[in-house]
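Just so you know, the protein sequences line up as chains F and U, in that order.
Take the first sequence: its letter number 290 is residue 288 in my numbering, and every next letter is one higher.
Take the second sequence: its letter number 54 is residue 52 in my numbering, and every next letter is one higher.
Quick caveat, the hints were computed from the structure, so don't treat them as lab data.
Model, not experiment: these values are computed from the prediction.
Hints are not guaranteed to be accurate.
Computed footprint of chain F on chain U; a stretch qualifies when at least three of its residues, placed anywhere within it, have a C-beta under 8 Å from a C-beta of chain F [claimed, not checked]:
1) 3 to 17
2) 86 to 94
3) 175 to 182
4) 274 to 285
Have a look at the derived ranges for each label pair, beta carbon to beta carbon [unchecked claim]:
5) U/G207 x F/P84: 34 to 42 Å
6) F/A50 x U/A190: 15 to 23 Å
7) U/M111 x F/D139: 24 to 32 Å
8) F/A31 x U/M111: 32 to 40 Å
9) F/T247 x U/S260: 34 to 42 Å
10) U/A113 x F/R72: 43 to 51 Å
11) F/P79 x U/G207: 22 to 30 Å
12) F/Q177 x U/A190: 43 to 51 Å
13) F/Q205 x U/P41: 23 to 31 Å
Heads up, the beta-carbon is just placed ideally off N, CA and C, and yes, glycines get one too.
Protein chains: 2
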Amino acid sequence: MSPGKPLIAIDWGTTSLRGARLDASGQVQESRAFARGILSVPPGQFEAVFNALFGDWMQAANALCLISGMAGSRQGWQEAPYCPCPAGFAELGQHLLWLQPGRIALVPGLSCMGADALHTPDVMRGEEVQIFGALQLAGRDSATLVLPGTHSKWVQVQDGRVTQFQTFMTGEVFALMSQHSILSKTLDLNGAFDDTAFLQGIDQSQQPGSVLHHLFAVRTLGLFERLSAAALSSYLSGLLIGEELRTQTVSADAGPVILIGSDALTLRYTLALHHLNIACQSRGAEATWAGLFALACAC
Amino acid sequence: MSPGKPLIAIDWGTTSLRGARLDASGQVQESRAFARGILSVPPGQFEAVFNALFGDWMQAANALCLISGMAGSRQGWQEAPYCPCPAGFAELGQHLLWLQPGRIALVPGLSCMGADALHTPDVMRGEEVQIFGALQLAGRDSATLVLPGTHSKWVQVQDGRVTQFQTFMTGEVFALMSQHSILSKTLDLNGAFDDTAFLQGIDQSQQPGSVLHHLFAVRTLGLFERLSAAALSSYLSGLLIGEELRTQTVSADAGPVILIGSDALTLRYTLALHHLNIACQSRGAEATWAGLFALACAC
C-alpha cells in the first residue's frame, strides 16, 4: 500500500508537537519536535504556527498532511468530532476533518459508551493512530493494547476495529499522590527505580481491599522504616499500576498484549504483566508515524 | 465513674487546637478552640503555647489534663509511642506519656499490623479517644465505627478493645482530584450537594472495574453534558466514598455502624450506608470530651 504521495505526519498534543516527513513508501525522511502543544497556541493561531514550523515541507508537490492528537479537540485548531466505536481505518478515514480538502486533515478521536446505568462515555484522541500503527507493525488485526501514561488506555481490537476501550487515571493519580499528598513526605521521587519494591506494590494491589487503603501504607511503611524513601516511590507505582491491572482479564489465546509508550513506562508494565503471567511486547513512538501512514494509504 | 477531680480535655491536632473544662461529673463547663494546630507551633514552644491558652484552667486544685491528637506525634510536644492493638481504656491508660506526673499526659495513638506479606502497619492518633467516647455515649462495648475525613478510619471494637482498623485516603484523594487533577475543569465544588448524583456515584463504584477508571467518568460525563458541573462534584464524592465502602463487610448482627465526624460528612456516609442497607447512627465532637473523661476515670 502507498498513498502515492509524500506524507507530512503530525502528532499535536496538549504539551508537545511532533512532525515527520515520510516518503511514498512510508520511510521517515526527517522529523521535528517542538514544545508547542495546543496549550501554548492562542485561539486562531494554529494555522500560523503550523505554517511557520512545517510550511517548507508542505511545498512538496502533492504533499498530504494528517494531524492527530489534541489539535482536533474543542481547545485545538478545530474540533473533529469523536468517531464512535467500533471503528477501524475505514471509519477514521470517513471522519477526517479536512482543513484544506485533499491537503490537510485532522484525525478524529474515538468514543465508546459504557454498559452502566449512565452509559458512561470514554474517549481518546491521538492514541487511535498509535493503536493502528502498532497493529500494522506487529502484523496483527486483533489484540489487547495498553497505552500507559497520565491517562492509560486499555483497548480491545477485533478484525482491525477498536471495539471497546477504558481509560485509567493511573499516571495522574501517581503524580498527585507522590507530589501533593501526605505521601510526598515519606517518598523520594528522585531515587532509582526499585523493582523489588515495585513488585511488592503489585502484589499488595492484588490483595482484597481498596486502593484507597493500600495507598496509606506508603506513609506507614515509611513511618515504621520498613521501606526506604526511594523504594516507597517504586512501591506506590506498583500499587497504582497493579490496581489498573487488577480488573483486566486478558485471554492467553488473544496473543501477547501490545504496549505502546515511553521506555520507562513500558518497562514497568512489562515487569508487572510478566509478574502476573501475561505475555506482552512493546512499541514506541514509531507507531504514530506508521499509523498515520497507514491511514494516508486508506483515505 | 468519676476521676474525682476537674478534667482539662485537649484535642491538639495538625491544624486545630480545641480544649474543654469538665467538672468531676463530666459536664463541659467551658470550651475553647484555636487555629493553633501543631504545624503552627515551633519546636520547643508547645509548653509555652499550652500555658498561654490553658494556664488559667490548670490553676484549679487537682486539675488533670489529658491531651489527645497529633501533639503526641514525632512533630508534636513529645512523642507518645503508638499503643499496639488490641487495646482498650486499660492499655491506653498504661501508655499515657506523663509530661507532669499526675497533672498533664499525652494520650498515645494506636497501631495495628496487617496480615499481608509486609505486615503493613496502620496508625491513628486522636481518633482512639473519639472511638471510646462514642461507645460510652452509645452504651456499647462492641461495634464497627467509621470516622470519615481526610484519612477515614474503619474500626472494629470487641468487648471494649479496638481489635483492628484500616485507614482510607478518601478525603485527601477527593481534595486532590477535585482541585488539582484534570477533573477540576469539569466540576464545580461550590455547587449544592446533589444526592441523586452522589448515589449514582455510589452505584457506579459498586460495579466491576477499578476506581482509577471510574474517576475518568467525571471528565467524560461533563464533556458529553450528562451531568452538570455541580452534580459532578457530588458524583465524584459518591465514587470515592463508595470505593471505601465496597470492600467492607458489616454484619447486621453487630448493630448499627457508629459514624463519628462533622455533620456534612456523616450525612454523606449515612446516605451511602442506607443505600447499601447498612444501619448507622452518628456522633459529633462531643465524643472527644466523653472519651477523654472516660479515660480520666480509668487512669
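Evaluation of the provided hints:
Counting residues of the segment 3 to 17 of chain U whose CB falls under 8 Å from any CB of chain F gives 0; the rule of at least 3 is not met. Taking a C-beta to C-beta cut-off of 8 Å, the segment 86 to 94 of chain U contributes 0 residues in contact with chain F, too few for the three needed, and the coverage statement is violated. With 4 residues carrying a beta carbon less than 8 Å from a beta carbon of chain F, the segment 175 to 182 of chain U meets the three-residue requirement, and the given coverage holds. Counting residues of the segment 274 to 285 of chain U whose beta-carbon sits less than 8 Å from any beta-carbon of chain F gives 0, not enough to reach three: the coverage restraint is violated.
Checked against the given bound of 34 to 42 Å, the beta carbons of U/G207 and F/P84, roughly 20 Å apart, lie outside it. Distance hint check for F/A50 and U/A190: the Cβ-Cβ separation is about 48 Å, which falls outside the suggested range of 15 to 23 Å. Range check, U/M111 to F/D139: Cβ separation about 51 Å, and the 24 to 32 Å hint is violated. Taking 32 to 40 Å as the suggested C-beta distance range, the pair F/A31 and U/M111 does not conform, at roughly 50 Å.
Remark: the range hint 34 to 42 Å for F/T247 to U/S260 is upheld by a beta-carbon distance near 41 Å. Checked against the hint of 43 to 51 Å, the pair U/A113 and F/R72 passes, with Cβ atoms roughly 49 Å apart. Hint check: F/P79 to U/G207, Cβ distance near 26 Å, so the stated range 22 to 30 Å holds. Taken as a hint, the range 43 to 51 Å is violated for the pair F/Q177 and U/A190, whose Cβ atoms sit roughly 32 Å apart.
In this structure the supplied range 23 to 31 Å is violated for F/Q205 paired with U/P41, their Cβ-Cβ distance being about 39 Å.
Checked against the numbered hints above, the structure violates hints 1, 2, 4, 5, 6, 7, 8, 12 and 13; every other hint is satisfied.
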